[in-house]
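There are 2 protein chains.
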Amino acid sequence: MKLTFKTIIQNYFHRFHADVSMAAHSVTSKGWQSEQPPEFYRLWYIIGGEGGLKIKDQSYELKPGRLLLLPPGAQQFFGPLEGQSVSLYWCNFRAPIGDMDLFDILNLKVSIELNDQERKHIETLFRQLIDAYQSTTLTRGLRVRAALFEIVAYYLDYCGFNEDMFLQIEPITKIDHVIQYIEEHIGEQISVDELAKLVFLHPNYFIGYFKNIVGHAPTQYINIRKMERAKTLLENMDIQISDVARQIGLQNHYLSRLFKQYTGLTPKRYRQIYIYNTENEDKLEQELI
Amino acid sequence: MKLTFKTIIQNYFHRFHADVSMAAHSVTSKGWQSEQPPEFYRLWYIIGGEGGLKIKDQSYELKPGRLLLLPPGAQQFFGPLEGQSVSLYWCNFRAPIGDMDLFDILNLKVSIELNDQERKHIETLFRQLIDAYQSTTLTRGLRVRAALFEIVAYYLDYCGFNEDMFLQIEPITKIDHVIQYIEEHIGEQISVDELAKLVFLHPNYFIGYFKNIVGHAPTQYINIRKMERAKTLLENMDIQISDVARQIGLQNHYLSRLFKQYTGLTPKRYRQIYIYNTENEDKLEQELI
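Just so you know, the sequences run in chain order A and B.
Each residue of the first sequence is one higher than the last, beginning at 1 in UniProt numbering.
Each residue of the second sequence is one higher than the last, beginning at 1 in UniProt numbering.
It is possible that part of the hints are untrue.
Said to hold, decoys possible - Label pairs and their computed distance ranges (CB to CB):
| no. | chain 1 | residue 1 | chain 2 | residue 2 | range |
| --- | --- | --- | --- | --- | --- |
| 1 | B | Ile169 | A | Trp32 | 36 to 44 Å |
| 2 | A | Val110 | B | Gln220 | 30 to 38 Å |
| 3 | A | Pro96 | B | Lys268 | 25 to 33 Å |
| 4 | A | Asn204 | B | Lys2 | 45 to 53 Å |
| 5 | B | Thr278 | A | Thr232 | 50 to 58 Å |
| 6 | B | Thr278 | A | Glu35 | 17 to 25 Å |
| 7 | A | Asp157 | B | Asp193 | 46 to 54 Å |
| 8 | A | Pro96 | B | Thr278 | 27 to 35 Å |
Said to hold, decoys possible - With a cut-off of at most 20 Å between alpha-carbon atoms, the simulated DMTMM-like pairs for lysine to aspartate or glutamate come out as follows:
| no. | chain 1 | residue 1 | chain 2 | residue 2 |
| --- | --- | --- | --- | --- |
| 9 | A | Lys231 | B | Glu184 |
| 10 | B | Lys268 | B | Glu228 |
| 11 | B | Lys30 | B | Asp19 |
| 12 | B | Lys231 | A | Asp19 |
Claimed, not checked - Away from chain B, derived, C-beta distances all over 12 Å, residues of chain A:
| no. | residue |
| --- | --- |
| 13 | Glu39 |
| 14 | Asn107 |
| 15 | Gln117 |
| 16 | Glu150 |
| 17 | Asp157 |
| 18 | Glu170 |
| 19 | Tyr181 |
| 20 | Gly187 |
| 21 | Leu198 |
| 22 | Gly208 |
Derived by calculation from the structure, the hints in this document are not laboratory data.
Bear in mind the structure is a predicted one, so any value in this text is a computation, not a measurement.
Think of the CB as a built atom: it goes at the ideal place given N, C-alpha and C, for glycine as much as any other residue.
All chains should be built: construct the whole structure from the sequences, respecting the hints.
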């Protein structure tokens, strides 16, 4: 997958906060009802009964084992089949990030169908979410989001990411060009002016434009990429640490300082831990099972 | 527990973001080592071996089944017992919230001891955290934080919250006074000026002061409290919705609008869902088991 898409999505989820406004179990037996476009994302997991949902011009079946992620702002029209009632776990949440919502960047499915094992897993997570939401413990904010993040990650991994899912909107095409350029010149000094020129924007405007999509200011992003590159290089035993520094265009001592800021470790210690973790992964699995 | 403490802590965790800079499994057999005060929180879970840790003037044992949360910025000195090596899961994370860190507000334990069942649970969560950290999936940011939030919530709930844990710092005493006042006057119009006067601060300065600790500007906080009060009142069937509005000092139509913004539901629908969830909780548990 293209680095741009990876970067945008990973940084998007890095900033993903989510504010759960309500989580519950409901049963609806009323006929079809229409909802004003809500400003919330809605996550539904159908436990029992059958029904239907219409968003824009698309229709979806509501059936046990279906997990749905409804986009904010779209008119929704839904109800049970005649004589049935639909039982579901649900939650509403806000997730404002920059100016974009998930459905602005990705051509995401609205509904996925889970098998028996997956259903158990999602049911457990929803129970955790609803229990945490209804509880009065002081840590409920942490527990609610922990469960929600798991469900959302599950949903997205299930959909599977591929480049076709990315909507070809102009800002992404522009940023793609910039990110590509940074990768190719990571060993050099890169100025914000030269990046802004690439996409014909004024440097001052460019900084906010970049930050809104990527989640970091350009210079901050360049440093992050240098550190990520440093990590990959350090994982290869054959490369001297001074060579790592050279390859990302930093002085030795500046690499050490930046790397420690970024990971909390010196480059040498990072390498040791990496080797240890790689060599002991299998052994450890056995110890613990 | 006093509402102020509850409010401050709940809002703190509501804003809790956490940026995991590294997560791994390590074994250390080197003698005692000193660490510069790191700017990270550190979470350690000891799997094997014994050793010791010194922070400031306090000493802690490192033993299998110990879970430690180390405060940022404190000089740390640690190592294994002679001839032993300490095997641990660990992660470093940043969690900047306002100007405060957790240890600024709470007199938190640095180390807790888990029983067998608890160890299994924490080990599983740490494996999830480390696996997610080492993975390259696009949703790793969500999964890493989901696991971290669970571990932190677990740690804090284990410590148990009580008022004695709160450090009596001046800002909290001041805000306590304001929050108390808001509760007692929730049915009235409350102005920022009158709140600022209570604590002898200039209104402009007061707004930032309040927000830094509580996480919301005063007017926003007042509305949240009104909505929380509305929820509690709605959960009592005997109170008419117009009475709910009156008790929180809002016009009927304004209650509906604000409540819908806040929860995504009308007050009436909230009441229905609440009744349904309360009545069906036991039934549902049985269905699912």
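Okay, the hints, checked on the actual structure:
Roughly 55 Å separates the CB atoms of isoleucine 169 of chain B and tryptophan 32 of chain A, a value that falls outside the hinted 36 to 44 Å. About 32 Å separates the C-beta atoms of valine 110 of chain A and glutamine 220 of chain B, a value consistent with the hinted range of 30 to 38 Å. About 27 Å separates the C-beta atoms of proline 96 of chain A and lysine 268 of chain B, a value consistent with the hinted range of 25 to 33 Å. At about 47 Å, the CB distance of asparagine 204 of chain A to lysine 2 of chain B agrees with the hint of 45 to 53 Å.
Roughly 53 Å separates the CB atoms of threonine 278 of chain B and threonine 232 of chain A, a value that falls within the hinted 50 to 58 Å. In this structure the supplied range 17 to 25 Å holds for threonine 278 of chain B paired with glutamate 35 of chain A, their Cβ-Cβ distance being about 24 Å. Roughly 51 Å separates the CB atoms of aspartate 157 of chain A and aspartate 193 of chain B, a value that falls within the hinted 46 to 54 Å. Taken as a hint, the range 27 to 35 Å holds for the pair proline 96 of chain A and threonine 278 of chain B, whose Cβ atoms sit roughly 32 Å apart.
For the proposed pair lysine 231 of chain A and glutamate 184 of chain B, the alpha carbon gap of about 55 Å is over 20 Å, so the pair is violated. For the hint pairing lysine 268 of chain B with glutamate 228 of chain B, the CA-to-CA distance comes to about 15 Å; that is within 20 Å, so the pair holds. For the hint linking lysine 30 of chain B to aspartate 19 of chain B, the alpha-carbon distance of about 29 Å lies beyond 20 Å, and the restraint is violated. Annotation: proposed proximity of lysine 231 of chain B to aspartate 19 of chain A holds, straight-line Cα distance about 17 Å (limit 20 Å).
The beta carbon of glutamate 39 of chain A is not kept farther than 12 Å from every beta carbon of chain B, the shortest such distance being approximately 8 Å. No beta-carbon of chain B is positioned within 12 Å of the beta-carbon of asparagine 107 of chain A; the least distance is around 15 Å. The beta carbon of glutamine 117 of chain A is kept farther than 12 Å from every beta carbon of chain B, the shortest such distance being approximately 15 Å. Listed as outside the interface, glutamate 150 of chain A is inconsistent with that label: its C-beta sits roughly 5 Å from the nearest C-beta of chain B, within the 12 Å cut-off.
The Cβ of aspartate 157 of chain A sits about 6 Å from the closest Cβ of chain B, inside the 12 Å cut-off, so the non-interface label is violated. Chain B leaves glutamate 170 of chain A outside its interface by the beta-carbon criterion, the shortest separation being 22 Å against a cut-off of 12 Å. Here tyrosine 181 of chain A stays apart from chain B, with its beta-carbon at least about 22 Å from theirs, past the 12 Å limit. With a least beta-carbon separation of about 23 Å from chain B, glycine 187 of chain A lies farther than 12 Å from that chain, consistent with its non-interface assignment.
In this structure leucine 198 of chain A is separated from chain B by more than 12 Å, as the shortest Cβ-Cβ distance comes to about 25 Å. Distance check for glycine 208 of chain A against chain B: the nearest CB is about 21 Å away, which clears 12 Å, and the non-interface claim stands.
Taken one by one, the earlier hints fail for this structure at numbers 1, 9, 11, 13, 16 and 17, listed in ascending order.
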